[in-house]
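Letter by letter, the sequence shown follows residues -29 to -1, 1 to 895 in mature numbering (1 follows the signal peptide of the UniProt record, and there is no 0).
If you're looking for bench data, these hints aren't it; they were derived computationally from the structure.
Here the structure is a predicted model, which means the values were calculated and not measured.
Note that beta-carbon positions come from the ideal geometry of N, C-alpha and C, so glycine has one too.
Among these hints, one or two may not hold up.
Listed next, with one range per pair, are the computed distances between beta-carbon atoms [what the hints assert, rightly or not]:
hint, residue 1, residue 2, range
1, Pro224, Leu567, 51 to 61 Å
2, Phe438, Leu805, 54 to 64 Å
3, Val171, Ala705, 14 to 24 Å
4, Asp436, Asp462, 23 to 33 Å
5, Gln439, Trp322, 46 to 56 Å
6, Asp670, Gly843, 25 to 35 Å
7, Ser591, Tyr407, 30 to 40 Å
8, Ala705, Ile742, 21 to 31 Å
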Amino acid sequence: MHCNRNRLSQAIRLGLAAGLIGFSALAWSQDTGDDDGEQTPSEDEGQVLLDRVEVTGSRIRRSDVEGPTPVLIIGRDEFENQGYLTVQDVLDSLTQNTGGSLSQQFVFGFTPGASGVNLRAFGTGRTLVLLDGRRIPVYPLGLSGTTNFFDLSSIPTAIIDRVEVLTDGASAIYGSDAIGGVVNIITRKDFDGLSSRMRVGDTDEGGYATRQYEIVGGVAGDRTSASLSLQYMGNEELMSTERSYAASDVADPLGRGLYSTFGSNIVEIDPATGGIILTPAPGCGQADGPLGGAGIPPGTPGTGTLFGGSPCSFDRTAFRQLFPENDRSTLSGRVDHELESGINLFVFGRWTKSETHTRIEPFPYAGTALFGGGAANPVVPNNGGIITGPNGGPAVFIRRLIEFGPRTTDIETESRGATVGANGLIAGNWEWEAAYSYNVQEVFSRRGGSIIVSALERRIEDGLDLFQPIPQSVVDAVSFAPFTDAESQNDLIDFQVSGFLPWSLPGGPVGLAAVAEYEQQSFFDRRDPITLLGDASDGGSAGAGERDRSALGFELSLPMLETLEFNLAARWDDYDDASETGSAISPKVSAIWRPLDNLMLRGSWGQTFRAPDLQRLFGSTTTAFQTVNDTVVCQALGGQVGSALAPGVVNGPNNPYGAGFDPCVQTVQSVRTLTGSNIALEEEEGESFTVGAVWNVTDELALAIDAYRMELEQIISTPTGQFIINQCATGDQAFCNLITRDASGTLNGGQLTAVAQNLSLQEIEGIDLSISYDYNAGRLGRFSLESETTWVSELATQFNEDAQKTEGVGIFSIPEWRSNLTLNWNRGDLGATLRTSYIGSLGGINSSAPLSSSQEIDDYLTFNAQFRYDFGANTRLSLGVNNLTNEAPPTDPTNPQWPWYINAGGFYSPFGREYYLQWEQRWF
């Protein structure tokens, strides 16, 4: 990209372009209530409301909710009746959420205080999240330290009127990130009155008690309306010990669990076989031992290892959470005022403050030359950390640093945003809207239980005896509290216009919508100096960057016949920053054909793209250590990985690792690996295709079916160290250039450089099916049945163009089938909802093609039920049970590690049966 563009000149050019197309369209100015300001669950009223607004996926106003692309509309009453507490809960349940969500269950990750959605399994950052049709800033900390995404936890349910989900690629309408789909959160407007809501809940087995309090008030006059909402939501932590399926390191239902060997042990290389032997240190399990009685003595069931010996072990789960503690407070408000000219002015503001508290077990200590360097142990002669083991072989001492307490993280997140704008009509036919919005998200966290590595090593060198409990004075001297200070923000100016051109086709007038946007994006991620120097026990990295984005787009609706409509759309996005990111043009073509009054056929094709993440472009380089096979040396000696070399070759002069080390079967430990940003990254590019039908069989029964195919190329990926070495072994010089060897030609003192690159491809195709049935049973009440099912028929990935394409649904922990069935009943003041969610079997986290039954995770079926009663027109009391049958997460047969189920995808709930009571009151 060119870096010398002046921002002001860009804004002026964009403004002139916007002036040529006109003013902006009214995006979201619908009335969400009836005459007295109270929203009702009437389906007929909901239809009227949606008739008055555009629906996500197009800026052209339509008289029919169903358009050329599939859109799900989830009303506020709907997700409350189904028992969902947060936006994340609602989106987790979508069958189109094929890839699972970024969930707070994964408390060990880079982003334990945030959550996100992953439509069509392209990744959390490839689902675009909008608030009232406008972008909000990404979370300032990258998923896995690299990938930006939109944090759903910053959006409170108190401000939500409905959630619209477009399940098609939409870069031609919304630009970057709209790969797997678009989630548009529509806020409440024109509220008149005062209402409150309280919900309290608890689980059958304890932990994760929840509470939510909300108050919303507003006034609506002839020309002016104003509303204000406040909400508090909190939940207690859920400890691993509170659920039997994850209560200890040996609780694996399949019997594979082992306690951690990082109790207190001597790790020795057997001089006879070259294998590893673990010998417990004296005092294991005793109060005066190294672990103060927390060690699990040898011989206890579950203390065995893959190596020889019977070690002193440690149970990590006593410190681990299945879900962290959260507290979240929000405040939002909106004011609308209509001028005498008919122009409407509006202001919307929001503020969210949340606190999240996570914890896991204390740090392990392995300060040894065998495991990447460290201090010598003074209990025995100083030899770079190497001691002589009980069997006469070289050995080191490892232990759990229990004296420093659990590793904790206290995360404070603050999200603020404001939008100021105006909208109105031109010539009674064209709706326009112009707005400026500013949004910022700040994250500050401190970690406990952390250690200054060099300070601890100096104490060890000066005589600290690790075979005994560490004195509190030493703990105080070498402990510190690392911090993270991160922020992301965006400033957005947008202009929209929609209406009908002064000419018609046989099917009616030609519709036009146009949009112009200018956005400034920025982020920073700061760490404490000790962490940046690499002297912290848990590491971290920093980064900062900014860029400008300009965009112009249009849509045309061409009604060729009364029954046939074509739609054309295109958008130009241009990025101005210090990287190689340039411009992208995204076209889209769609059509609607109504061969019968009650049957609509639809289809669309479009190109999609995603600009590189700011973290990928401007993040700093981090250092990690990986264990690898040296494939290059192995093959140079005439072997292949996994097959031992002949003794003469291993012990021969051509083996750079020296006699006795076989690079084909032995791994090189702790190879220094640099990972980080790459300013030369380019856009990811893809295509999206859908074809489907909507059939209103009768007034009561409706069916919709849509087939989809999506493809994304040049996906930005960071290769593993092993992949780099393997590619070099094939003769790929580009990957060989990423390997630095030591003077002897080995990786022991070498380095791998694994920066992000445009490498990968992913394809997915399948079918969405929805069925709805409404039946009035007279005195028995009104019944409605809704069913949604998604089938993933094909999924393929390819790491780079030279790699073999991996095909097979389920292999990547993605279910082939997902289905929801919801039954609603209403009779006078009584109502009830039963929702069934089904997730089909899928491959375990370590599964591989071809997928066998021994690698499959069992299917998962849960039921949510709610009963409600209206005490007159203004009071409602609801009692609900989520996970009615107390279903535990299914065990992953391929993962022998705690918690033995996939806890990072949002597919499975760790809570078990949950009860809640909800009270709603409208005061006036």
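Each hint tested on the structure:
no. : hint                        : verdict
1   : Pro224 - Leu567: 51 to 61 Å : holds (53 Å)
2   : Phe438 - Leu805: 54 to 64 Å : holds (60 Å)
3   : Val171 - Ala705: 14 to 24 Å : violated (58 Å)
4   : Asp436 - Asp462: 23 to 33 Å : violated (58 Å)
5   : Gln439 - Trp322: 46 to 56 Å : holds (51 Å)
6   : Asp670 - Gly843: 25 to 35 Å : holds (31 Å)
7   : Ser591 - Tyr407: 30 to 40 Å : holds (32 Å)
8   : Ala705 - Ile742: 21 to 31 Å : violated (51 Å)
Violated hints for the displayed structure, listed by number in ascending order: 3, 4, 8.
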